[in-house]
Amino acid sequence: MRRIVCTLLLYMLTFTFHCLTHAAAFTAGNLIIYRVGNGAGTLSNTGSPVFLDEYKQDGTYTNNSIALPTTFGSGSTPNPLIANGLAVAEGLLTRSADNKYLLFMGYASTIPAATSLSSTSMPSATPTPGATPIARVVGRVDASGNIDTTTALNDAYDKNSPTGAASSDGINLYTAGTGPTPAATPTTTQLSTGVRSTTLGSASSTLVSSNTLVNIRQVNIFKSRVFFTMQRTGFTGLYDLGPVGSPTTPTLLVAGTSPYAFFFADLDSSASSSYAGTGLDTVYIADDNQSQIKKFTYSGGSWTSSGSFSATSVRGLTGYVDPNTSPPTVKLFATTGNSVSAGGGTLYGATDATGYNASITGTATTLATAPAGTSFRGVALAPFIATAVTLISFTATRYTDSIQLNWQTGYEVDNLGFNVYREVRGKKVRLNRKALIAGAALQMGTHDGFSYAWPDASPAAGAKYWLEDVDTRGKSTWHGPISPQPGRGSGKGLQRSPLLGDTLR
1046 MRRIVCTLLL YMLTFTFHCL THAAAFTAGN LIIYRVGNGA GTLSNTGSPV
1096 FLDEYKQDGT YTNNSIALPT TFGSGSTPNP LIANGLAVAE GLLTRSADNK
1146 YLLFMGYAST IPAATSLSST SMPSATPTPG ATPIARVVGR VDASGNIDTT
1196 TALNDAYDKN SPTGAASSDG INLYTAGTGP TPAATPTTTQ LSTGVRSTTL
1246 GSASSTLVSS NTLVNIRQVN IFKSRVFFTM QRTGFTGLYD LGPVGSPTTP
1296 TLLVAGTSPY AFFFADLDSS ASSSYAGTGL DTVYIADDNQ SQIKKFTYSG
1346 GSWTSSGSFS ATSVRGLTGY VDPNTSPPTV KLFATTGNSV SAGGGTLYGA
1396 TDATGYNASI TGTATTLATA PAGTSFRGVA LAPFIATAVT LISFTATRYT
1446 DSIQLNWQTG YEVDNLGFNV YREVRGKKVR LNRKALIAGA ALQMGTHDGF
1496 SYAWPDASPA AGAKYWLEDV DTRGKSTWHG PISPQPGRGS GKGLQRSPLL
1546 GDTLR
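Mind the numbering: the sequence shown is residues 1046 to 1550 in my numbering, read in order.
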């Protein structure tokens, strides 16, 4: 009996490990969470393994998880990437501005380290007695799940935590991390802090923010500008560091109590409401001290509060804008994690349908929780390989007097718009006869995916439906056919997306 039980336990452990390390290409539109711990033991400040878990937007786990290396290797993964399992400020996650990569940070060490990872020396500094210096490593993962840990920095965040990274293209990198309070004449250690710039595969970096701005939480890029959050008495808040590649003196945009990740949006087409000519007019900031996702609006040359959603100890944050509503709708996703050895964490969701310069209120919805013995850190939308249109879903719902067609894209490149066709006995009839249903190419200059709708007020028995996307060069791609599925009630009040020529925000 003992042998049978032992064999069963071994099988279960093997199966669990397989599930935790299985990886496949990411799906556009899904969420990726930086998770620490494998559930097999407690979390530790001397090192916990890191995983990138894929979730659907409704909080369903996809069973797709990428395990970051925990040993030194070769090729694109010469360095391990582990985390301090108890440091909640670490592990913030971003997607590159070109949407192709995930960026994040950790430590180039095996498990366990000799001491708390956050207190270890960087290789270029005088080492902590009895401890081996440990480089701070930037991780990059593409849409196919390919890992790169070639960027191990010897001059960053000495005896402090690396918190995150960002990039416009996956090659030119910015990093964030904590550091000591600066002295009048800063030491090498004090100059290892702040927002730093480097390139993929490099071992060195350059301080591009002021050394007085320590304890950087997140760095991210929106509309070709570098932004970051930090926490230090008298300096806490969200900052603008200027254009990518040519940083300037940091400018405080929004003061706060304990800001972490943030998400910028363009909710108003008026140029007068645009910050620095970027089109950005709204920002959401995760604040763990006040347990809120805060909204701020740019108007009259300054950023002012526009309410908040409640979300306990929230730190990670990402989102996207769907302009096919009036006003445009912002979908937000946030995470939090615990600083105890047992782990814990929550994935939240919230929707802001109030629009530009309108106040939000309410509580974010819990979508998922971290498995036992693990903890969530940052969250980002999945990277993807750019195609003309990445179609996530295309459905037809039958009501008593009509058919409602709905589709959602994860990404659009130069997509002029869509045509919808009803097919009966081999003959196709276009439903949007006046013009194309407007795609992302003409909607605020974005490539993000959107939701679309079109009704068929004159359905026919046995009809099937096709979707055609048309790019700005006239190239067409077809999707379908699909058959209607039964719905409830009448189709009164069904929605349609705007056509080219309609008034678009």
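Mixed in with the good hints, there may be bad ones.
Pairs of lysine to any residue, SDA-like flavour, derived with a Cα cap of 20 Å [said to hold, decoys possible]:
no. : residue 1 : residue 2
1   : Lys1472   : Thr1522
2   : Lys1509   : Asp1459
3   : Lys1509   : Thr1440
4   : Lys1376   : Thr1522
5   : Lys1376   : Gln1453
6   : Lys1509   : Val1458
7   : Lys1520   : Asn1477
8   : Lys1145   : Thr1440
9   : Lys1479   : Ile1437
10  : Lys1473   : Asn1451
11  : Lys1145   : Ala1069
Distance ranges between label pairs, derived from CB positions [stated by the list, open to error]:
no. : residue 1 : residue 2 : range
12  : Leu1297   : Pro1123   : 15 to 25 Å
13  : Ser1347   : Ala1398   : 21 to 31 Å
14  : Ala1403   : Pro1526   : 36 to 46 Å
15  : Gly1345   : Gln1530   : 43 to 53 Å
16  : Ser1386   : Gly1407   : 28 to 38 Å
17  : Lys1520   : Arg1478   : 15 to 25 Å
18  : Lys1472   : Pro1123   : 18 to 28 Å
19  : Ile1527   : Ala1403   : 32 to 42 Å
20  : Ser1386   : Lys1520   : 51 to 61 Å
21  : Thr1349   : Arg1478   : 40 to 50 Å
22  : Arg1475   : Thr1442   : 18 to 28 Å
23  : Ala1300   : Ile1527   : 45 to 55 Å
24  : Arg1475   : Gln1530   : 49 to 59 Å
25  : Thr1177   : Ala1398   : 49 to 59 Å
These are calculated hints, taken from the structure and not from any lab test.
The structure presented is a predicted model; accordingly, all values stated were derived computationally and were not measured.
Positions of the beta carbon are idealized from the N, C-alpha and C atoms, including for glycine.
Consistency of the hints with the structure:
Distance hint between Lys1472 and Thr1522 is fulfilled; the C-alpha atoms sit about 18 Å from each other, no more than 20 Å. Distance check on the hinted pair: Lys1509 and Asp1459 sit about 27 Å apart at the alpha-carbon level, beyond 20 Å; violated. Taken as a hint, the Lys1509 and Thr1440 pair is honoured in the structure, with Cα atoms around 11 Å apart against an allowance of 20 Å. Of the supplied pair hints, the one linking Lys1376 and Thr1522 is violated, its CA atoms being roughly 28 Å apart against a limit of 20 Å.
Taking the CA atoms of Lys1376 and Gln1453, the gap is near 14 Å; set against the 20 Å cutoff, the hint holds. For the suggested pair Lys1509 and Val1458, the alpha carbons sit about 27 Å apart, so the restraint of at most 20 Å is broken. For a cut-off of 20 Å, the pair hint linking Lys1520 to Asn1477 stands: about 18 Å separates their Cα positions. Distance restraint check for Lys1145 and Thr1440: the Cα-Cα separation of roughly 27 Å exceeds the 20 Å cut-off, and the hinted pair is therefore not satisfied.
Between the alpha carbons of Lys1479 and Ile1437 the distance comes to roughly 26 Å, so the proposed pair goes past 20 Å and is violated. In summary, the hint linking Lys1473 to Asn1451 is supported, as the alpha carbons are separated by about 18 Å, within the 20 Å threshold. With a C-alpha separation of about 15 Å, the suggested pairing of Lys1145 with Ala1069 holds against the 20 Å cut-off. Roughly 39 Å separates the CB atoms of Leu1297 and Pro1123, a value that falls outside the hinted 15 to 25 Å.
A beta carbon spacing of about 25 Å between Ser1347 and Ala1398 agrees with the range 21 to 31 Å that was offered as a hint. Range check, Ala1403 to Pro1526: about 41 Å between beta-carbon atoms, so the 36 to 46 Å window is met. Distance hint for Gly1345 and Gln1530: a CB-CB separation of about 49 Å, consistent with the stated range 43 to 53 Å. Remark: the range hint 28 to 38 Å for Ser1386 to Gly1407 is upheld by a beta-carbon distance near 33 Å.
Evaluation of the 15 to 25 Å hint for Lys1520 and Arg1478 yields a pass: the beta carbon distance comes to about 21 Å. Between Lys1472 and Pro1123 the C-beta distance comes to about 60 Å, which lies outside the given range of 18 to 28 Å. Ile1527 and Ala1403 have their C-beta atoms about 36 Å apart, which keeps the hinted 32 to 42 Å range intact. At about 55 Å, the beta-carbon gap between Ser1386 and Lys1520 stays in the expected band of 51 to 61 Å.
Taking 40 to 50 Å as the suggested C-beta distance range, the pair Thr1349 and Arg1478 conforms, at roughly 45 Å. In this structure, Arg1475 and Thr1442 meet the distance hint of 18 to 28 Å, their C-beta atoms being roughly 20 Å apart. Hint check: Ala1300 to Ile1527, Cβ distance near 51 Å, so the stated range 45 to 55 Å holds. Checking the proposed 49 to 59 Å range against Arg1475 and Gln1530 shows it is violated: the Cβ atoms sit about 22 Å from each other.
Against the hinted window of 49 to 59 Å, the Cβ-Cβ separation of Thr1177 and Ala1398 comes to about 52 Å, which satisfies the hint.
Hint violations for this structure: numbers 2, 4, 6, 8, 9, 12, 18 and 24, all remaining hints satisfied.
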